[in-house]
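Engineer: Model the full assembly from the supplied sequences, consistent with the hints where possible.
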Amino acid sequence: PEILYGGVYVDQNKFLCHADTIHWQDIVKNPGFHPVVVPTNSSVTCPKCHRSCNGRCWGPKDNQCQSLTKTVCAEQCDGRCSGPYVSDCCHRECAGGCYGPKDTDCFACTNFNDSGACVTQCPQPFVYNPTTFQLEHNPSARYTYGAFCVKKCPHNFVVDHNSCVRACPTNKMEVEDNHIKMCIPCTDICPKACDGIGTGSLQTAQTVDSSNIDKFVNCTKINGNLVFLITGIKGDVYHNIEALDPEKLNVFRSVREITGYLNIQSWPDNMTDLSVFSNLATIGGRALYSGISLLVLKQQGISSFLLQSLKEISAGNVHIAENTKLCFYNTVNWTRLFRSPTQKVLVRNNRNPLECSKTRMVCDSLCSDDGCWGPGPDQCLSCKFFSRGRSCIESCNLYQGDIREYANGSVCVECDSQCEQGDDNTLTCRGSGPEHCVKCLHFKDGPNCVEKCPDGLQGASSFIFKYAEANNECHPCHPNCTQGCIGPRLQDCIGWMDRTPLIAAGVIGGLFMVVIMALSVAVSVRRKNIKKKRALRRFLETELVEPLTPSGTAPNQAQLRILKETELKRIKILGSGAFGTVYKGIWIPEGETVKIPVAIKILNETTGPKANVEFMDEALIMASMEHPHLVRLLGVCLSPTIQLVTQLMPHGCLLDYVHEHKDNIGSQLLLNWCVQIAKGMMYLEERRLVHRDLAARNVLVKSPNHVKITDFGLARLLDVNEKEYNADGGKMPIKWMALECIHYRKFTIRVMFGATV
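Per the numbering used here, the very first residue in the sequence shown carries number 1; after that it's consecutive.
These are calculated hints, taken from the structure and not from any lab test. Among these hints, one or two may not hold up.
To be verified - Computed list of lysine-lysine pairs in BS3-like fashion (alpha-carbon distance at most 30 angstroms, straight line):
{"hint": "1", "residue 1": "192", "residue 2": "311"}
{"hint": "2", "residue 1": "221", "residue 2": "344"}
{"hint": "3", "residue 1": "192", "residue 2": "248"}
{"hint": "4", "residue 1": "298", "residue 2": "311"}
{"hint": "5", "residue 1": "234", "residue 2": "192"}
Stated by the list, open to error - Estimated spans, in silico, between C-beta atoms of each pair:
{"hint": "6", "residue 1": "298", "residue 2": "215", "range": "22 to 28 angstroms"}
{"hint": "7", "residue 1": "14", "residue 2": "100", "range": "37 to 43 angstroms"}
{"hint": "8", "residue 1": "357", "residue 2": "215", "range": "40 to 46 angstroms"}
{"hint": "9", "residue 1": "354", "residue 2": "425", "range": "42 to 48 angstroms"}
{"hint": "10", "residue 1": "430", "residue 2": "389", "range": "16 to 22 angstroms"}
{"hint": "11", "residue 1": "389", "residue 2": "248", "range": "25 to 31 angstroms"}
{"hint": "12", "residue 1": "516", "residue 2": "658", "range": "51 to 57 angstroms"}
Remember, it's a predicted structure, so these values are computed and weren't measured experimentally. Ideal Cβ placement from N, Cα and C applies to all residues, glycine included.
Structural biologist: Below is the structure:
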């Protein structure tokens with residue numbers, strides 16, 4: 001067992017046995033939580049643990065022993081284990097122990113279970129596509145459902161981003177798309193449906209009043225009707241209902257839709273308009289009041305509607321009458337709101353339009369002939385020229401203004417925030433979105449303007465890093481970069497590049513202390529870089545050791561480092577062969593901060609003992625070789641699958657390099673490669689070694705002018721008097737062999753070199 005969060009407290013259990021025998025520190029994950037076990041057993045005599053339990057047990061039987069999975073682990077383990085050896089280490093995502101080293105061998109998962117494999121997080125729903133420069137849907141995405149990664153959420157759960165939840169959070173609303181319920185952010189306030197007058201919880205109510213006004217807080221949709229009578233506005237003494245506070249009518253500012261009718265036969269004296277319904281967009285007319293869906297009757301204080309959001313009256317007639325101060329009613333093109341030709345408008349005995357004109361209670365000049373709901377350019381039913389939000393304007397800010405826009409038909413839309421504002425008489429954007437900017441404010445990634453270049457975004461198979469050129473355009477880093485970069489080359493990778501600072505010091509009078517501080521920082525950084533270079537030299541170069549008993553024979557200076565598995569970090573696969581797979585990785589020597597790019601060759605799990613022996617033979621041969629044109633072996637990791645660690649050659653194998661740069665390779669470069677390969681082979685010949693698999697794929701490119709021989713998997717040592725090697729079995733690279741090698745199974749240095757050239 002394992003306790004992932006919190007600690008342990010055991011007390012006041014007078015019949016509990018064996019609590020003090022448990023090694024609680026082995027169970028608690030966080031070492032900061034110290035278990036507290038207070039022995040209070042005084043009622044029973046507890047039996048001892050079985051002798052096979054070594055004093056640690058949950059009960060007295062031999063099958064009730066406590067299995068230790070943390071405190072007995074080898075120091076190389078970074079989590080649980082199944083025994084004291086390095087090969088017994090569990091995967092770091094395992095919880096409670098394991099029966100093998102892989103992420104599929106866990107008893108339970110620390111974070112999430114993805115189809116039997118323990119993972120840190122489920123595959124994300126979106127990954128970065130470096131071709132389109134956009135986040136795109138990940139076909140391998142999974143949703144988190146408790147501690148599991150699932151392809152789809154249970155039908156009674158809702159999808160919130162990449163998780164299955166019981167209900168959406170308060171700032172999101174539930175929608176259904178392609179039979180999938182999901183949470184999406186609310187644009188303003190989240191939809192909320194409420195009962196109207198005469199419906200549901202307000203079945204017996206006849207009007208909105210002080211006793212029920214609070215039921216409409218945050219409502220966006222009224223299922224039913226809204227009725228305002230004098231008994232609600234002024235109060236009802238008979239039913240002991242107080243007068244309605246006019247301020248409380250502001251609760252209706254959130255209403256977008258009324259499914260029934262709106263009946264206003266009473267209104268507060270100090271309110272001259274219906275602006276509390278300024279966000280009302282639809283009156284459904286599913287229920288009508290004597291055939292009417294909008295009624296404003298005998299209101300002596302109302303002078304304007306201010307219903308600027310009203311776009312539809314789905315059914316029923318409109319009745320506007322006996323409102324002695326009401327203007328603008330005659331300007332409204334009511335048929336624009338109707339959805340049926342049978343709908344009618346009854347307007348009578350309101351204020352004379354001529355009197356309204358004298359007091360300037362007329363539509364704004366920017367309104368179209370459809371009329372308006374009140375004074376000002378924000379009350380128009382439609383605009384004569386252009387609109388910005390709810391307001392009508394004469395023109396869009398295409399070339400001037402603090403906020404630049406583009407015209408989408410007759411609608412002015414603000415340019416994306418990543419667009420740089422152009423000069424006067426210059427467009428800022430040609431459409432919505434960051435891909436339509438004329439010029440970017442910060443950086444440009446493909447067609448899109450972005451605030452910063454991608455820095456570690458999740459891609460389809462790896463993380464995406466880019467850097468900014470002088471023109472602020474984003475370009476991909478070198479494929480070997482794992483922490484970002486400042487340029488396209490390998491040496492520009494952060495963490496791998498030469499960090500020696502270029503310090504320009506100027507003497508400014510009176511700022512002597514500032515200069516001293518700058519020099520101190522420079523010295524500190526230089527020491528750090530020198531220390532790093534020395535560390536790299538210590539691990540990448542061979543140190544000569546003087547023999548204890550000097551003689552005329554040079555000692556064997558071969559060194560074979562044994563590396564811990566925790567020192568190695570694999571990044572991606574470079575290739576695979578008959579014996580194993582080669583990964584690009586990083587070696588972080590224990591106790592050091594230096595990160596060394598390496599190639600890690602791992603033996604296939606399906607290979608037998610003979611392959612293990614041949615793999616170790618290759619390691620011993622490589623460790624004994626030291627030449628500028630032979631790849632150095634840095635060490636061996638004796639994990640459950642043996643790993644060989646060598647220097648990483650930045651440009652890959654010679655075969656791929658020739659294919660990639662075939663148009664730029666001249667005869668001089670080819671001759672140079674042949675000379676270097678010949679030098680390496682001559683060195684092998686001097687060491688009495690036949691490389692039976694020399695091929696362009698087994699020659700690695702350190703730089704265009706420097707190549708090295710690798711892969712000693714089929715190399716064989718010759719006796720003193722032998723000139724050739726006779727093979728009696730095993731695997732052979734037929735594609736790269738000379739005919740005499742295939743026919744007679746005889747190998748020499750010259751034959752293999754000739755086949756490669």
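Engineer: A separate judgement is required for each hint: does it hold in the structure or not?
Structural biologist: Now for the hints, and whether the structure bears them out:
1. Distance hint between residue 192 and residue 311 is fulfilled; the C-alpha atoms sit about 20 angstroms from each other, no more than 30 angstroms.
2. Between residue 221 and residue 344, the direct Cα distance comes to roughly 25 angstroms. Compliance with the 30 angstroms bound is thereby established for this hinted pair.
3. For the hint pairing residue 192 with residue 248, the CA-to-CA distance comes to about 18 angstroms; that is within 30 angstroms, so the pair holds.
4. For the proposed pair residue 298 and residue 311, the alpha carbon gap of about 24 angstroms is at most 30 angstroms, so the pair holds.
5. For the hint pairing residue 234 with residue 192, the CA-to-CA distance comes to about 28 angstroms; that is within 30 angstroms, so the pair holds.
6. At about 27 angstroms, the CB distance of residue 298 to residue 215 agrees with the hint of 22 to 28 angstroms.
7. In this structure, residue 14 and residue 100 meet the distance hint of 37 to 43 angstroms, their C-beta atoms being roughly 42 angstroms apart.
8. Our hint of 40 to 46 angstroms for residue 357 and residue 215 holds, since their Cβ atoms are close to 42 angstroms apart.
9. Roughly 45 angstroms separates the CB atoms of residue 354 and residue 425, a value that falls within the hinted 42 to 48 angstroms.
10. At roughly 21 angstroms, the beta-carbon separation of residue 430 and residue 389 lies within the given 16 to 22 angstroms, and the hint holds.
11. Range check, residue 389 to residue 248: about 28 angstroms between beta-carbon atoms, so the 25 to 31 angstroms window is met.
12. At roughly 55 angstroms, the beta carbons of residue 516 and residue 658 sit within the given window of 51 to 57 angstroms.
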